[in-house]
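Peer 1: All chains, please: the whole structure from these sequences, using the hints.
Number of protein chains: 2
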Amino acid sequence: MPELRQDPVVKRWVIISTERNRRPNDFTDHNNHLPDPKVDPLSEGNEHLTPTEIYAVRNPGSQANKPGWRVRVVPNKYPVLRVEGSLDKEGEGMYDRMNGIGAHEVVVENPRPDLQLEDLPLDHVAAIVETYRTRMTDLLRDLRFRYVLVFKNFGWGAGATLSHPHSQIIATPVTPSVVKQKLVGAQAYFEQKERNIFVDVLKQELKDSRRIVYQNAAFVCFCPYASRFPFELCIMPRRQRADFHKIEPNEVSQLADILKIALLKLRLGLNQPQYNFLIHTAPVRHAKKDYWTTLEEDFCWHIEITPRLTQIAGFEVGTGFYVNPVPPEDAAQFLKDVEV
Amino acid sequence: MPELRQDPVVKRWVIISTERNRRPNDFTDHNNHLPDPKVDPLSEGNEHLTPTEIYAVRNPGSQANKPGWRVRVVPNKYPVLRVEGSLDKEGEGMYDRMNGIGAHEVVVENPRPDLQLEDLPLDHVAAIVETYRTRMTDLLRDLRFRYVLVFKNFGWGAGATLSHPHSQIIATPVTPSVVKQKLVGAQAYFEQKERNIFVDVLKQELKDSRRIVYQNAAFVCFCPYASRFPFELCIMPRRQRADFHKIEPNEVSQLADILKIALLKLRLGLNQPQYNFLIHTAPVRHAKKDYWTTLEEDFCWHIEITPRLTQIAGFEVGTGFYVNPVPPEDAAQFLKDVEV
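In the order they appear, the protein sequences are chains A and B. Read in our numbering, the first sequence has 177 at position 126, and its numbers run on one by one without any break. Read in our numbering, the second sequence has 140 at position 89, and its numbers run on one by one without any break.
Incorrect hints may have been included.
Copies of the same chain look alike in the list, so a pair counts if it works inside one copy or between any two.
DSBU-like mimics (lysine-lysine), calculated; alpha carbons at most 30 Å apart, straight line [unchecked claim]:
no., residue 1, residue 2
1, Lys62, Lys244
2, Lys140, Lys254
3, Lys117, Lys128
4, Lys311, Lys117
5, Lys258, Lys387
6, Lys258, Lys244
7, Lys244, Lys297
8, Lys297, Lys311
9, Lys258, Lys62
10, Lys387, Lys62
11, Lys140, Lys244
12, Lys62, Lys254
13, Lys297, Lys128
14, Lys258, Lys140
What the hints contain is simulated information worked out from the structure, not anything from laboratory work.
Peer 2: In structure tokens:
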């Protein structure tokens with residue numbers, strides 16, 4: 052059973068993932084490799100190589116766990132959290148722990164190993180976004196979970212261990228520490244000004260315009276003012292809403308459009324860099340916490356896309372103090388000029 | 052002039068390092084390489100290839116900027132912060148910025164490019180520790196600076212761009228966000244219990260003993276309960292003190308001993324992994340801030356050593372939610388058994 056442990060000083064929860072337990076000698080080969088694509092377990096026709104599917108966008112008449120799908124969601128074979136069991140929160144001396152209960156799903160973005168998300172037609176990307184929404188809505192019904200993370204690691208350096216294009220969903224029984232910092236920061240701003248900080252950021256970015264990369268009817272893509280990484284991108288909805296899973300149908304197609312264009316610009320402009328994206332959404336409101344009282348008004352969901360062009364030095368992780376060699380204004384201008 | 056910008060939501064400062072500005076095309080080759088060791092600018096005899104030295108531990112009779120040194124501190128040729136100028140704090144619409152004023156120094160740990168810190172005799176490692184102390188004490192006198200970071204990146208994947216064994220010192224005009232989280236967490240604990248959380252952690256680790264790797268008269272090295280990374284290590288002094296630079300002479304030699312042994316255990320046990328270490332010390336108390344009122348009592352300096360055996364996935368940076376595949380009890384047992 053994996054375990055969740057809390058750092059007593061900064062209150063950061065860590066997953067001690069015994070399911071993925073590796074012996075010390077497993078680390079002495081530092082060259083991890085992606086698995087052989089000939090036995091790609093996520094390709095169409097290899098459905099028997101994955102656990103039973105949870106959800107799929109399928110052609111009419113096709114059967115579950117058989118070919119004929121466009122997007123397919125399966126449990127992660129090596130989950131960082133286990134779905135069965137109870138949390139059993141307890142102290143261990145001065146420390147706090149709980150069982151590593153959660154969900155860990157793989158969203159197979161398309162049946163072919165060689166087509167990336169940004170290669171797919173718009174309606175296919177929209178089906179992926181709609182899949183995120185559907186799975187998040189379902190997972191949030193589980194009273195054990197506090198937060199649902201939707202993210203993508205592209206490239207080994209960005210944390211991917213399978214080459215077949217996929218994203219991941221992790222439902223957790225705790226709110227991740229950076230999410231909590233965002234909630235606390237947004238609430239402090241709202242209390243002071245009675246305005247939503249994300250709405251104000253978007254207004255200022257649109258007015259200033261130097262950091263805007265692309266916009267459509269429902270979304271704006273820009274390089275954040277205090278970008279940690281070169282060519283970091285933020286996608287913000289024009290309509291403020293705390294929860295990603297309350298996205299409306301017309302927004303789904305607009306999000307597909309802006310996501311595809313943002314990823315195409317990164318690929319063409321920066322030679323297919325490794326990257327991560329992450330949907331920042333509000334936590335569940337099963338329990339009442341102080342920083343949730345004004346959440347509908349003070350928070351706004353958004354997507355962070357972080358290309359991995361530079362190494363993350365240890366002192367950046369240890370201090371939260373990032374050095375970014377590319378001013379976001381230059382990054383935005385460069386990406387704006389990349390024709391897709 | 053580099054620039055410091057603050058994220059408006061989480062209040063995290065980022066250095067936009069124009070001194071290191073790279074054009075977008077510089078990122079399209081993802082294979083960064085270490086410089087040619089034949090022209091190692093940090094070797095003895097190549098003193099003319101570095102900026103003028105700031106400090107050195109020298110053989111009697113040797114001249115500054117000439118051979119005859121054991122440890123040498125020079126300004127970083129490509130500093131992330133500039134030492135000349137004033138902060139000029141200002142708003143930019145809703146955002147906050149200031150000039151990137153600070154210091155960025157390189158501590159050349161020994162004259163030879165092929166000897167790592169852990170290869171050096173104990174008195175030489177002690178001279179390096181003493182150099183950290185001396186430089187930190189000096190930099191803290193500058194009223195523009197709030198914090199002094201002492202750290203080491205070993206290996207390209209850990210952020211190193213020079214192969215010659217070296218550590219780095221960065222003095223910053225702001226307190227890094229993770230440091231502030233530690234201060235706030237430690238203060239909250241102290242207010243509740245009137246006890247120092249680091250002292251309590253050390254007591255519990257010594258009592259439990261399963262996560263202890265090594266200890267000597269003045270220091271204890273253990274794998275933290277909520278380790279983010281496999282084989283992560285913490286070195287904590289037995290004597291609680293907020294500031295690293297107030298370390299006493301007998302502690303310097305004990306710290307040299309435990310640092311050398313910790314690094315040797317990592318190298319021998321894990322095939323010379325890339326790693327970072329970072330000294331967590333208290334910020335300067337020029338200005339009065341709420342969380343500094345009890346700082347002498349509630350904080351304790353310590354060292355974090357983080358081997359880089361796994362990739363840091365984007366969602367871990369984006370959420371602060373780490374997945375560690377090796378329980379710290381197993382990591383500690385493994386490292387304890389490595390004979391050095």
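Peer 1: Does each hint fit the structure? Answer for all of them.
Peer 2: Here's how the hints hold up against the structure:
1. Taking the shortest alpha-carbon separations for lysine 62 and lysine 244, both the intra-copy value of 28 Å and the inter-copy value of 16 Å come in at or below 30 Å.
2. In this assembly of identical chains, lysine 140 and lysine 254 lie within 30 Å of each other by CA distance solely across copies; the values are 23 Å between and 43 Å within a copy.
3. For the identical chains of this complex, lysine 117 and lysine 128 are intra-copy neighbours only, at 18 Å inside a copy versus 60 Å across copies, given an alpha-carbon limit of 30 Å.
4. Taking the closest pair of Cα atoms, lysine 311 and lysine 117 come within 30 Å of each other only inside a single copy of the chain (28 Å); across copies the shortest separation is 57 Å, beyond that limit.
5. Taking CA atoms no more than 30 Å apart as the test, lysine 258 paired with lysine 387 passes inside one copy only; the shortest distance there is 16 Å, against 58 Å between copies.
6. Taking the shortest Cα distances, lysine 258 and lysine 244 sit within 30 Å of each other inside one copy (20 Å), while across copies they are farther apart (49 Å).
7. In the homo-oligomer, the alpha carbons of lysine 244 and lysine 297 lie at most 30 Å apart inside one protomer (26 Å), although the nearest pairing across protomers, at 43 Å, exceeds that limit.
8. For a Cα distance limit of 30 Å, the shortest separation of lysine 297 from lysine 311 inside one copy, 21 Å, qualifies, whereas the shortest one across copies, 54 Å, does not.
9. Taking identical chains as interchangeable, the C-alpha atoms of lysine 258 and lysine 62 lie at most 30 Å apart only when they sit on different chains, with a minimum of 22 Å there against 38 Å within one chain.
10. In the homo-oligomer, the alpha carbons of lysine 387 and lysine 62 lie at most 30 Å apart only across protomers (27 Å), although the nearest pairing inside one protomer, at 40 Å, exceeds that limit.
11. When the C-alpha separation of lysine 140 and lysine 244 is checked against a cutoff of 30 Å, the pair qualifies only between copies, where the shortest distance is 22 Å, while the shortest distance within a copy is 38 Å.
12. In this assembly of identical chains, the alpha carbons of lysine 62 and lysine 254 lie at most 30 Å apart only when taken from different copies (19 Å versus 33 Å within one copy).
13. Proximity of lysine 297 and lysine 128 under a CA criterion of 30 Å is satisfied intra-copy only: 29 Å inside one chain copy versus 51 Å between copies.
14. In this assembly of identical chains, the alpha carbons of lysine 258 and lysine 140 lie at most 30 Å apart only when taken from different copies (22 Å versus 48 Å within one copy).
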